[in-house]
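Using the sequences provided together with the hints, build the complete structure.
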Amino acid sequence: MAIRIVEQGIQAVQNGNRDEARRLLRYALKEDLSPSLRATTLMWLAETGDDISFKVDCYRQAADADPQNNDVQQRLSYWLSQQLPSAQPPQGTPPQAMPPQGMPQAAPPSQQNVPISYPTQGYNVAPPSSMPPGALPTAPNASQQVGMGQNQGPMQIQGQQRVVGVLGGPLGDGSGFFVTREGLVATTRAVTGSQPRVSVDLLSGHRLVGEVVRSFPQYDVSLVKVNANVEHLATVSPSPYLQPDAPIVVTMHGGKGLRSKRRNTRSAINDNLWFPTVIHRNELDAGGAPVYDEHNLLVGMITRNTSRTNDYAYGLHISQVYRCVEQYAQESQQVQGQKTTTCTNCGAISRAPQYGAFYCETCGSTLPYAENVTRYPLPNAAALYQENMHRPCPNCQAQVGYYDSRCLRCGHDITTPAQQ
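Per the numbering used here, the very first residue in the sequence shown carries number 216; after that it's consecutive.
It is worth saying that the hints were derived from the structure and are not from the lab.
Wrong hints could be hidden among the right ones.
As the list claims (entries may be wrong) - FRET-style restraints, in silico, Cβ to Cβ:
1. GLN410 <-> SER249: 25 to 35 Å
2. LEU512 <-> SER419: 17 to 27 Å
3. PRO282 <-> ASN520: 32 to 42 Å
4. LEU512 <-> GLN612: 58 to 68 Å
5. GLN553 <-> ASN497: 41 to 51 Å
Where a beta carbon is used, it is the ideal one built from N, C-alpha and C, also for glycine.
Structure, rendered in structure tokens:
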């Protein structure tokens, strides 16, 4: 049944009925498809829209479904490189789209290996299959950042980047700053929200694609990785906290700066984490701008967090920002060589892709790549979710654990006899 729906969707693409094709292919993706068929379906779905972000999202999901499909990787790399304006217009023949390679044998023979010509209206670049050799970027997988057109390595950023722009979040444009020479940008969780990717604007005007690799909602911190090497980082203040009434400068993306001071308050706050200011929240962008002291030392990051009694914004101390960076580095080292993803709900690094699982082991939410697929219990993921760490439920025999004397799987109250 599922492959028949896929065939109908492909036929609709061939006939130029992209709305109907999109509906059919999305419906097919809700079924239990094999990895290769799911990747093929997603590749055809990418042909139903002109938006580059839509195509990139389809190819990313296809790469997650079938990592060994080189055609998917090439197409993903190409369309990632097209998300940003390049120095020269693309060369080549008029746009021509080719069907994804590796269509399952169950498809009708007339649909295999047949070039499909689409109306040229709305297509301004050719898909990767028609690009000349050597024109594709060399991104080895979907997680590698591409933001410099067709360059072959990380962008070398000269000079000091006091602040960068972080665009594409739910609250609008925000700010951020580099915290490592390997292109790791710190901003607020409010800026990135649950977006897996954002755009990072440099002072030079270059725009890079950034992957949100880790978030710490409890501290309002998000870490964004771009494919760049940074020559100079801002000098960090050695002081563990700010003195009351100490002058500060908030430098936002776009050239706007705010002079302020650390607000003196009687309320008890953790000086190693937060510091109050006299900056009103409506004076800020979406947040994430670096905060410098009178000696031009980096002392923190401004947020849009306020107290319940006033509209003054709080800043997060730079020492806490770097504690988050260190925790991310340790976690990345622990899962090195494994398939991982970032949970868009809690911000943690999840090892669920390594097990082919669907849920974050930290918060239990459905991971982005598994939202539109048929989900089912996986015995090999029991260790990941610690489902075998508790005594079996007398009612359903599950070992997921208990809360308030009730099984987390079936809700049975273990203080009462099990139903026979």
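Evaluation of the provided hints:
1. Between GLN410 and SER249 the Cβ separation comes to about 30 Å, which falls inside the hinted range of 25 to 35 Å.
2. Distance hint check: the CB atoms of LEU512 and SER419 are about 24 Å apart, consistent with the given range 17 to 27 Å.
3. Taking the beta carbon of each, PRO282 and ASN520 are about 39 Å apart, inside 32 to 42 Å as hinted.
4. Checked against the hint of 58 to 68 Å, the C-beta distance between LEU512 and GLN612 comes to roughly 59 Å, which is consistent with it.
5. Checked against the hint of 41 to 51 Å, the pair GLN553 and ASN497 passes, with Cβ atoms roughly 44 Å apart.
Violation of the numbered hints given earlier is absent; every hint is satisfied by the structure.
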